[in-house]
Amino acid sequence: MNRLAIELPPSTKLLAPTRSMINAWLCSGSAADDRWGLIATELIANAISFTSEDGMILVVMEQKSDNIELQVSDFGPGFDPTEVRMAAADSVRGRGLGLVKALTTQFEAVREGNKTTIIVSHPLP
Amino acid sequence: MNRLAIELPPSTKLLAPTRSMINAWLCSGSAADDRWGLIATELIANAISFTSEDGMILVVMEQKSDNIELQVSDFGPGFDPTEVRMAAADSVRGRGLGLVKALTTQFEAVREGNKTTIIVSHPLP
Amino acid sequence: MHITISPLNDGAIDVSLQGEIDADNCAQIGEHLLTPGVESDSTVALDLSELSFIDSSGISELLRVRDAFDSAGGSLVIVNPSPAVRRVLEITGVLSTFGLS
Amino acid sequence: MHITISPLNDGAIDVSLQGEIDADNCAQIGEHLLTPGVESDSTVALDLSELSFIDSSGISELLRVRDAFDSAGGSLVIVNPSPAVRRVLEITGVLSTFGLS
Ligand SMILES: Nc1ncnc2c1ncn2[C@@H]1O[C@H](COP(=O)(O)OP(=O)(O)O)[C@@H](O)[C@H]1O
Ligand SMILES: Nc1ncnc2c1ncn2[C@@H]1O[C@H](COP(=O)(O)OP(=O)(O)O)[C@@H](O)[C@H]1O
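Protein chains in written order, with the numbering used here: chain A, 1432 to 1556; chain B, 1432 to 1556; chain C, 56 to 156; chain D, 56 to 156.
There could be a bad hint or two in this list.
Think about it this way: if two alpha-carbon atoms lie no more than 16 Å apart in a straight line, the pair counts; the simulated EDC-like pairs of lysine to aspartate or glutamate are [claimed, not checked]:
#: 1; chain 1: A; residue 1: LYS1532; chain 2: C; residue 2: GLU145
#: 2; chain 1: A; residue 1: LYS1495; chain 2: B; residue 2: ASP1485
#: 3; chain 1: B; residue 1: LYS1495; chain 2: A; residue 2: ASP1485
#: 4; chain 1: B; residue 1: LYS1532; chain 2: D; residue 2: GLU145
Label pairs and their in silico Cβ distance ranges [as the list claims (entries may be wrong)]:
#: 5; chain 1: D; residue 1: LEU63; chain 2: A; residue 2: VAL1523; range: 57 to 65 Å
#: 6; chain 1: A; residue 1: SER1483; chain 2: C; residue 2: LEU155; range: 38 to 46 Å
#: 7; chain 1: D; residue 1: GLU105; chain 2: C; residue 2: GLY74; range: 12 to 20 Å
Calculated directly from the structure, the hints in this document are not laboratory data. Yeah, the Cβ is synthetic: ideal placement off N, Cα and C, and Gly gets one too.
With these hints in hand, go ahead and build the complete structure from the sequences.
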């Protein structure tokens, strides 16, 4: 199963094919699990909204012993803690990361230079 | 449209989703052209057959001025000129690269260290 | 995504969404349902049995469309969500908003 | 890929392939057509109007299956290839092998 890495431009047209890609990759390692299509869709859609038209997004999925780890990186402004808190408290916002957190056992946001990466992981089914 | 880069394990299950990805990428830059799904399928299938189960394949697609360029790399033994000649002359082999060459205006095979890369390009429609 | 709209004779409408909904196509729901061709005080039953995928932007769009019918004297409920869709409705806490339990 | 096999009453068989064929699934063609359930001396008409994609491994498999019917006294011709499939048959030079021109 190894690793699946995708560098893509910020287009929502690539969300559905990325899900197919992820599901085929999980299947090829016999670990079909429909949570990852949703998690990737939410994180990539967020990354797209913080990326300029000529920018790019990185998606890396890897099996690490009994866990699947997904990293989604963008080169936007990074997380604004106040915004994140407001979104989480709002009734019409914050559902994206809410879903991601509900479907994973580890969630981390990392900022390195101008690169923002969300790293999530969850055990294989 | 920029660049689309995919690092994938050698599984034929990823051929169809890679085609969807490439077609969505071309569309997102309004350059739909069904030749690239076929070219990528042929080159990736070849790369898969020369890659061990725990190996990987690199696919990079890029718009370079008025051309689309596709690179497919593997870390297998590389091209055996005698084999390639025999395959091209054979009536039941050689159809893969035959198709790729018929559908592109530039075709190049490059060996760097243990990396074999086929680079093809063709003008935007 | 594919959308099928079947007006019944009593002002009720059966709507079925098929396929996948994400940020790329979720706006189509409102485009098809919040138009002059669909009475805004209709009673809409939204069949999601053949919807295999929905994300948070799809949920937001469904809530927006539901609110529009609601405030015009109509209503929108979900019937038969597929397991994947039910899971997302459950986690986001909007099952009851759409008449499900 | 989806395959539909419709035996006619005179030993002829209509077969239709739908979807996409590549190295991942091309073996299914032989698995479905070269089996005891299908008479090997049948006259097969293979409808490819709903096949949207085929690669060189699919062409090789079609040739293998055609040869098997041929050598058992049957035949296999392609009818109605979709534009994408016709292009691949043309470039690989096998149009006439499958009864097309
Ligand atoms: N890639 C990102 N870069 C910067 N901020 C982000 C990113 N992803 C999410 N956020 C922040 O987290 C908040 C919550 O995101 P989310 O749960 O997806 O809900 P929403 O997008 O509806 O606000 C966003 O409003 C935004 O402030
Ligand atoms: N990635 C690759 N690495 C090494 N050799 C390759 C690679 N791709 C193709 N070849 C060589 O080129 C020949 C022709 O390939 P192709 O036209 O796809 O037909 P076939 O696979 O049926 O022989 C192959 O037989 C093989 O010797």
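Here is what the structure says about each hint:
no.: 1; hint: A:LYS1532 / C:GLU145; result: holds, 14 Å
no.: 2; hint: A:LYS1495 / B:ASP1485; result: holds, 14 Å
no.: 3; hint: B:LYS1495 / A:ASP1485; result: holds, 14 Å
no.: 4; hint: B:LYS1532 / D:GLU145; result: holds, 14 Å
no.: 5; hint: D:LEU63 / A:VAL1523: 57 to 65 Å; result: holds, 59 Å
no.: 6; hint: A:SER1483 / C:LEU155: 38 to 46 Å; result: holds, 40 Å
no.: 7; hint: D:GLU105 / C:GLY74: 12 to 20 Å; result: holds, 19 Å
Against the hints set out earlier in the document, no violation occurs for any number.
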